[in-house]
Amino acid sequence: MSGARAPLLRSPPFPWVTSEVAAVSRRVAPSAAAPDPERADRLIAAVRAARVGGDFWRPPADPLPPGTLVLQATTEAEARHLLAEAGGGPHVVLCAPAGAKAWDLPVARILPDAIDPWSLLAPGIGLAVVSEEWRLIGRIAGADLIGDTPTPAALADALIGHVAYRDPFTGQAASAEEIVALLADWRAHLDANRAIGACAGMAWWKKARIAEFLWTGRDRPLAFASDGESGVPAAGRDALAVWPSRVTPDLIAEAEAARVPIVRVEDGFIRSVGLGANLLPPFSIVVDRGGLYYDPGLESDLEHLLRTAIIPSEMVERAGALAALIVKHGISKYGSAPPPPPAPRTRRTVLVIGQVEDDLSVKKAGGDVAGNLGLLRRARAAEPDAYLLFKPHPDVDAGHRVGAIPDADALGLADEVVRAEATPSLLARVDAVHVLTSLVGFEALLRGLETHVHGSPFYAGWGLTRDHGPPLPRRTRRRTLGELAAATLILYPRYLDPVTRLPCPPEVLLARFAAGWKPRPSAVVLFRRWQGRIFKLFGRATS
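For the sequence shown, position 158 matches number 158 in my numbering, and the numbering has no gaps at all.
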């Protein structure tokens, strides 16, 4: 949807979602009452800060120097009229349809009209246009308009005078302020994606979902390297997004030699209902330009946030509400199960969490702990009198991954091996948790549990955990639980709504899971589950 007749604040054309589902606005009959000027001023400031409105998802132009004159026209006659009206000059940029070079105008550059107008318009930039929408954006952005300048009343009318806003996740009415915040989130994701030129190492069953997460606003689809291809040539001058466990050191070296930046992609912390090893694509991922959260050898974007960011109190409060929702509904990385009322305990009860032994998080951050049996030994040594519960990793127990311990060996150290009971339910009835690098340690912190860490996960080293692993010299800052939750749940990951498939804030995904949303198992998923059971019988892992 584009042009002056469309609402100024509108959704990007997400290729995999219908416009009806994605719609956030529609024109309505103007209200009899004039918009509140103070509210309009605050809204205009929010739009300016977020740089949303119009086709903000279009490719950006390189920044223009002050004094540049921008012309926007659809025909040669319009362009010549605007040029004459503006008086020309040595630094004139024309935004026009394909074929405008044949107009032979005295301009320095010609840019396509399918461009992000916010990338061109700023204080000190002259603007002569035929589009009323560009005129509105130029006024909001502070550009120097030539000709008619929209009044404050016209800006207020364009934003709230005769526009009805809609929450795309609920279908209910929304305020203009809420839609600006949503569009700002969408813009931030698109801007972060623009530097990605290709993907490598993405499993075939994840490619469609990854393409949704990494959409850049371009008309052409994101390039995915086939198995055996590096993806480096396809990235060109842009970055290559990789799934770290599925690419080789040689590919990383090739990218470095070609000066192609590497962006690492991994499952998020609230990934979906079900196991990744059962081929259920994630609804949460992280996209990291520094390293990756489970590798302490490189400073990840998450570690950098925790080390340097000033996290506002409003976001900490929001994170606290998210954590409360996670605890209330028993939501975790592997689904949800409302916790039962805690049973009375006469003895200290401790949960030990098993992991996939060849998982990259274990390889990178597991220290010198010798697998799941080694973790159990350490936990028993630290908790000689406790009632020890051992929960194997679900992918290991499903027969897909490495790390199984015979029950006889596990029960030589633990008092009980638990499989059927969901992790949130277990967390509700223990006093403490021992982990290597598992995300369950973070989930335990959200529940206020004593958390012992024997490796170097992202949540260790900030003063919140009992750390038994290697030293973490970069992590000298002390963080509150609210700050850790804000960085981990809000600032670092990305989310997709499983119902609308739109990028969403974490509250939407958590609400879907809390309401009981579950994916429909495809034939591939059902086969994978059957395969896991068969391989488990023969003591093999499927991957």
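These are calculated hints, taken from the structure and not from any lab test.
Where hints are given, some of them may not hold.
Stated by the list, open to error - With a straight-line Cα cutoff of 30 Å, these simulated DSS-like cross-link-like pairs (lysine-lysine) come out:
{"hint": "1", "residue 1": "328", "residue 2": "518"}
{"hint": "2", "residue 1": "101", "residue 2": "328"}
{"hint": "3", "residue 1": "101", "residue 2": "207"}
{"hint": "4", "residue 1": "518", "residue 2": "207"}
Item to check | Numbered hints the structure breaks, given as an ascending list | outcome: As far as the earlier hints go, 2 and 3 are violated by this structure, in ascending order.
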